[in-house]
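Engineer: Going down the list, the protein sequences come from chains A and B. Everything in the first sequence is counted per this note's numbering, starting at 557 for the first residue and increasing by one. Everything in the second sequence is counted per this note's numbering, starting at 770 for the first residue and increasing by one.
Source of the hints: derived by calculation from the structure; they are not laboratory data. Fair warning: there could be bad hints in the mix.
Unchecked claim - In silico lysine-lysine, BS3-like type, Cα no more than 25 angstroms apart, as pairs: (1) Lys779(B) with Lys667(A); (2) Lys580(A) with Lys1120(B); (3) Lys637(A) with Lys1120(B); (4) Lys633(A) with Lys566(A); (5) Lys1120(B) with Lys769(A); (6) Lys1115(B) with Lys667(A).
Owing to the predicted nature of the structure, the values given are computational and were not obtained by experimental measurement.
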Amino acid sequence: MAVLEMKQVKKTFGTGHKKVDALKETNFHAEQGELIAVIGPSGSGKSTFLTIAGGLLSPTNGEVLINNANISTLNEKQLSKIRLKEIGFILQASNLVPFLTVEKQLKLLDKVKKDNMSKEQLEQLYTDLGIGDLRGKYPSDLSGGERQRVAIAKALYSNPSIILADEPTASLDSDRAYEVMELLKEETKSKKTTTIVVTHDIRLVDYCDKVYKMVDGVLELQ
Amino acid sequence: MFLAWNEIMKNKLRFTLIIGVLMLVAYLVFFLSGLANGLASLNREAVDKWDADAIVLTEESDQSLTQSSFAADLVDGIDADETAVLGQLNAIAQTGDQKANVSIFGIDSGEFIMPEVTEGSAFTSGNEVIAGDSLKDDGFRLGDTLSLSSTEETLEIVGFTDEARFNAAPVLYTDVETFERVKFGEEAAGTDRQISGFVVRTADLAAVTDEEDLAVIETETFIESLPGYTEQSLTLNFMIYFLFVISSVIVAIFLYVLTVQKISMFGVMKAQGIPSGYLARSVIAQTAILAAIGVVVGLGLTLLTGAFLPSAVPVTFDIPTMLIYGMVLIVVAILGAVFSVLTIVKIDPLKAIGG
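With the rest of the complex left out, here is chain A (with noise of 0.2 angstroms):
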């Protein structure tokens, strides 16, 4: 079953004479448990491709499907709930609440939304990232890479269909980088979710499923 659906999608920013084609027409689908890479150098679409997928961005044309649920037609608010119940972004620069303990990060999903990991989940979600010890601590007390693994623990908490990753190993040195893809590679496959990562570090697509290469605009499966 695709959980995540691209049919014809086309994005279009400015007009007339300043028209770009940010992304054009594109079809896409991931599959549960697949592990997906975008990669292309900066300004060929990538962001575009994930901001959309996110429901952070609506194309100029065709239809986006998450969980067979067309999302194009939706207003903020409505994309708003998508976003917080259905993906999970894992963002370049760390997506933490500088002043919320690591242990907070994840507390303040439960203010805005139920049907999170229940406690056992949540500290086998500790122990797979190595985090356990971590949970007291502020995001500014955290080395790059545990920073990085603690957004990761929080885009996996609120149990979302789909993870987007956007550059998620942008700030690591190659070890704490491969640590990364490897975490996020065991989490898709034992919680069944579709990741994305959408990065141009092309050592990080032996950890994947299947790799896209998306150049101008245009994406290609490799």
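Starting from the known structure of chain A, fit chain B onto it as the hints suggest.
Structural biologist: What follows is chain B alone, placed relative to chain A:
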């Protein structure tokens, strides 16, 4: 609340500074309200003590008790539940080296404006007075003989009463005959009793008198027309209202700067699907917490200062008024947070992730 409180606890210094500013504004508001209240009672407490509905003065006195004078037998034409005669005169009282500006009230001891004696006894014969106890601070004592500026008559303090100041001067209560002798001299004795006004308690002010030369003035109007009273209270109240505006603007600026600093953080949260409403409520809650702490600390400091002030400073704290002002401060602070809320609502989550 969750975000609001955790942020305050993490950035204690930053938020302590904001609370500090709010505390100082609250302190100033409370202190000014105490001063306004104290200065007001300086003028009006003897009048408030009457617990009367109105006062009857001559039409031509233009609501000034001192300028009003008429014969006491006009009381026959007065229709009120209770009536009390009142003669009033300003004078300088002196005993030994002590001098004080006083207001002499000539009253009938059987009528309702007779004050309760808190120390000593009531006047029983001529030239005895009950003095307002603020005179004690000026060095006057029971049994002192007072010479007056305008007459050869002397008065003796036989008792004290509290809350007895009229137009900033302590009141000396005495009988109408003594008042007449002080005001008009010995030759006035035996003629019709001349007084300054009738103090009345009644539900129907319009029916009090149909005498054309007399005017019925409601107590509150009478107080407002005391010399300087309205000007003074308007000035202080204007300062207080202006402080409300200032505190709103201060909070608006502080929170706006904090919010602008956190735009990308809010954007990330919105990208994750945390509703704008939750973030906005969090900012409002934060403002309410900061303002409430500032107001409570400011209130405490004000009361503490009040306890150590010399009695010459006319500050009287009226707790209900202060509570209302405190509430108003919290409300205007929250209004100041509205800018930040609008900013948060407008943040585009897309920008946060660099799309």
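Engineer: If a hint holds in the structure, say so; if it does not, say that too.
Structural biologist: Hint by hint, here is what the structure shows:
Using a Cα cut-off of 25 angstroms, the hinted pair Lys779(B) and Lys667(A) holds, with the two alpha carbons roughly 19 angstroms apart. At most 25 angstroms may separate the alpha-carbon atoms for a hinted pair to count; Lys580(A) and Lys1120(B) meet this at roughly 21 angstroms. The straight-line distance between the Cα atoms of Lys637(A) and Lys1120(B) is roughly 19 angstroms, inside the 25 angstroms bound, and the hint therefore holds. This hinted pair checks out: Lys633(A) and Lys566(A) have alpha carbons roughly 23 angstroms apart, not beyond 25 angstroms.
Of the pairs offered as hints, the one joining Lys1120(B) and Lys769(A) holds, with about 24 angstroms between alpha carbons and a cut-off of 25 angstroms not exceeded. Taking the CA atoms of Lys1115(B) and Lys667(A), the gap is near 22 angstroms; set against the 25 angstroms cutoff, the hint holds.
Going through the hint list in order, the structure satisfies each hint without exception.
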